[in-house]
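Student: Sequence:
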Amino acid sequence: MTNSKQESVIQLLGAGKTYRTGSVVYQALKDVSLEIYQGEYVAIVGPSGSGKSTCMNIIGLLDSLDEGQYLLKGQDVSTLTEEEKAHFRNRFIGFVFQSFNLLADLSLLDNVALPLFYANVSEAKRREKAQQALEAVGLGKYAEHRPTELSGGQKQRGAIARALINDPALILADEPTGNLDSHSATEVLHLFDDLVGQGRTVLLITHDDIAAKCAQRRLHILDGQIQSEAELAAHGLDYSFTKGGGRDE
0 MTNSKQESVI QLLGAGKTYR TGSVVYQALK DVSLEIYQGE YVAIVGPSGS GKSTCMNIIG
60 LLDSLDEGQY LLKGQDVSTL TEEEKAHFRN RFIGFVFQSF NLLADLSLLD NVALPLFYAN
120 VSEAKRREKA QQALEAVGLG KYAEHRPTEL SGGQKQRGAI ARALINDPAL ILADEPTGNL
180 DSHSATEVLH LFDDLVGQGR TVLLITHDDI AAKCAQRRLH ILDGQIQSEA ELAAHGLDYS
240 FTKGGGRDE
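Using numbering that gives the first Met the number 0, the first residue of the sequence shown is number 0, and each one after it goes up by one.
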């Protein structure tokens with residue numbers, strides 16, 4: 000979906016990342032260029048070892064590029080310091096991880112409010128906004144429950160509430176259905192649909208065909224490069240989709 004009237008949230012321009020361990024050199028990303036716009040629901044799809052996680056870490060400002068540029072909301076964030084990256088992550092990116100990453104000794108409400116603590120928001124305001132976020136994902140009555148008292152689907156919805164708490168430009172979801180049963184996974188995917196309907200931008204990193212089919216647009220990655228379906232077919236792979244709201248890339 001390349002509409003010049005839409006605001007660009009993510010731009011990778013010739014992105015490259017190489018890891019070195021002793022004499023071993025591994026190029027995880029190779030000249031990757033992509034653009035994601037405000038309000039899009041995009042899946043980056045590929046098998047294990049394809050470069051999905053590296054791409055997610057770059058976009059999530061958890062790692063740095065060796066080559067190319069990364070523009071987040073139009074600002075070049077390729078060369079930020081670690082402190083500056085932390086600021087941008089907290090302000091612009093909401094993370095949803097496969098393992099939920101909820102702190103067991105905190106209530107669900109306090110888990111959801113945690114990003115606001117790091118943003119120096121008052122306790123009263125943190126609790127008010129966290130409760131609103133939990134209501135938005137259907138978990139208002141579970142605010143004082145600990146994560147150990149919740150199902151997998153409830154934990155993931157709580158993690159989504161936490162991701163939304165700072166009203167980020169981007170929801171970055173890394174294999175968010177990987178630890179869920181099919182019913183809970185469907186609930187979480189429906190929630191992403193709702194968020195996109197509200198104008199949110201969602202980027203899903205997955206190897207799950209069912210999850211990927213829910214996205215409006217899909218970007219296939221293999222051997223560290225964005226690949227067309229013809230290129231994938233040449234490798235004997237088929238990542239074509241028949242469902243979803245947009246065309247494949």
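Mixed in with the good hints there might be a few duds.
In the BS3-like style, the derived pairs of lysine-lysine whose C-alpha atoms are separated by at most 27 Å in a straight line are [what the hints assert, rightly or not]:
#1 72 <-> 128
#2 72 <-> 140
#3 140 <-> 84
#4 72 <-> 84
These are calculated hints, taken from the structure and not from any lab test.
Student: Each hint: holds or not?
Tutor: Hint check results:
Restraint check for residue 72 and residue 128: the C-alpha separation of about 24 Å stays at or below 27 Å, so the hint holds. The hinted pair formed by residue 72 and residue 140 fails the criterion: a straight-line CA distance of about 35 Å is larger than 27 Å. Between the alpha carbons of residue 140 and residue 84 the distance comes to roughly 34 Å, so the proposed pair goes past 27 Å and is violated. Restraint check for residue 72 and residue 84: the C-alpha separation of about 14 Å stays at or below 27 Å, so the hint holds.
Of the numbered hints given earlier, the model fails hints 2, 3; all others are met.
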